[in-house]
Amino acid sequence: MPNPETIGPLAIAHRGGALLAQENTAEAFRAAAAAGAEMVETDLRLTSDNHLVCLHDADLTRIAQDSRQVTDIDLAALRSLVPGMMTIDEAITASAPLGLLLDIKLLDPAVLPPILAIVKATGALQRCVLGLRDIALVAAARALSSDVALLALTTDPGAASEARDAGANWFRLWQADATEERMAAIHTAGMRSVIMVGQSRSVALPGYPRFPVGRIDTDGLRRVMALRPDAIMLDDPHLLVTARTVTGLSPD
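Position 188 of the sequence shown, counting from 1, maps to 223 under this note's numbering, and the rest follow consecutively.
Hints listed in this document are in silico derivations from the structure and should not be mistaken for laboratory results.
Only a predicted model underlies this, so the values are computations on that prediction, with no experimental measurement involved.
C-beta: ideal position from N, C-alpha, C; glycine also.
Be a bit skeptical, because a hint or two may be false.
[Stated by the list, open to error] No more than 20 Å apart at the CA atoms, straight line, and that leaves these computed lysine to any residue pairs for SDA-like: (1) K155 with Y243; (2) K140 with D92; (3) K155 with G119; (4) K155 with A175; (5) K140 with I153; (6) K155 with H86; (7) K140 with L151; (8) K140 with V183.
[Claimed, not checked] Using C-beta positions, here's what the derived DEER-type ranges look like: (9) P144 with D107: 20 to 28 Å; (10) Q104 with P144: 32 to 40 Å; (11) D92 with P241: 20 to 28 Å; (12) T214 with D252: 16 to 24 Å; (13) D182 with A239: 33 to 41 Å.
Throw the hints in and build the complete structure from the sequences for me.
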């Protein structure tokens, strides 16, 4: 993966680049790469026949007007309901040569061995980061592999030291939780920092930040960049790539 110290904040395309194309699809990955992103993020869920697929929501209401849970539908049926949906293997192929952040929506540690096996078998270990939503899962993943990069997606913005002790290399803060003190705590713990822009909801409530998850305006992006994170996750990576160029932090 690119070294964030040499180019400023890495541009991570949230849900593959959800403002550029249909979220979590190869088309979005291609658009994110064309926009200058260094990494794409996608979500992992499990089908009824135990395939790992790139879908954000637990059910299909939002994207396919079907109220069933992903875990209740097999892969073939999901493909017919969500054209363009990828499996983990397809996402690894489609994302190359970019970095790939796998946001694992599952809380059962039993899913970690098959994910790691696929990442290693496809030769993607050096460009993949596993995003884990619980400190215990971070520890479980680290016990399985000393080499894989792990991002703590904990809801506690003050849990940097606990995440580091569990084996995390990266720590995520939501935009509203990102302060100089918390950023310093992450870096003091020896981890890289990721700021997720917008609110932690699909429809923004009044207040700061005023945008839903993944969205931000130019002024908000300047404020986030002033905190000097190692990476910023957003729906349109072109915004960050442009801002880096203006501030002299372009990869070029």
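Tested hints:
no.: 1; hint: K155 with Y243; in the structure: 40 Å, violated
no.: 2; hint: K140 with D92; in the structure: 9 Å, holds
no.: 3; hint: K155 with G119; in the structure: 24 Å, violated
no.: 4; hint: K155 with A175; in the structure: 17 Å, holds
no.: 5; hint: K140 with I153; in the structure: 17 Å, holds
no.: 6; hint: K155 with H86; in the structure: 17 Å, holds
no.: 7; hint: K140 with L151; in the structure: 15 Å, holds
no.: 8; hint: K140 with V183; in the structure: 18 Å, holds
no.: 9; hint: P144 with D107: 20 to 28 Å; in the structure: 22 Å, holds
no.: 10; hint: Q104 with P144: 32 to 40 Å; in the structure: 20 Å, violated
no.: 11; hint: D92 with P241: 20 to 28 Å; in the structure: 24 Å, holds
no.: 12; hint: T214 with D252: 16 to 24 Å; in the structure: 20 Å, holds
no.: 13; hint: D182 with A239: 33 to 41 Å; in the structure: 38 Å, holds
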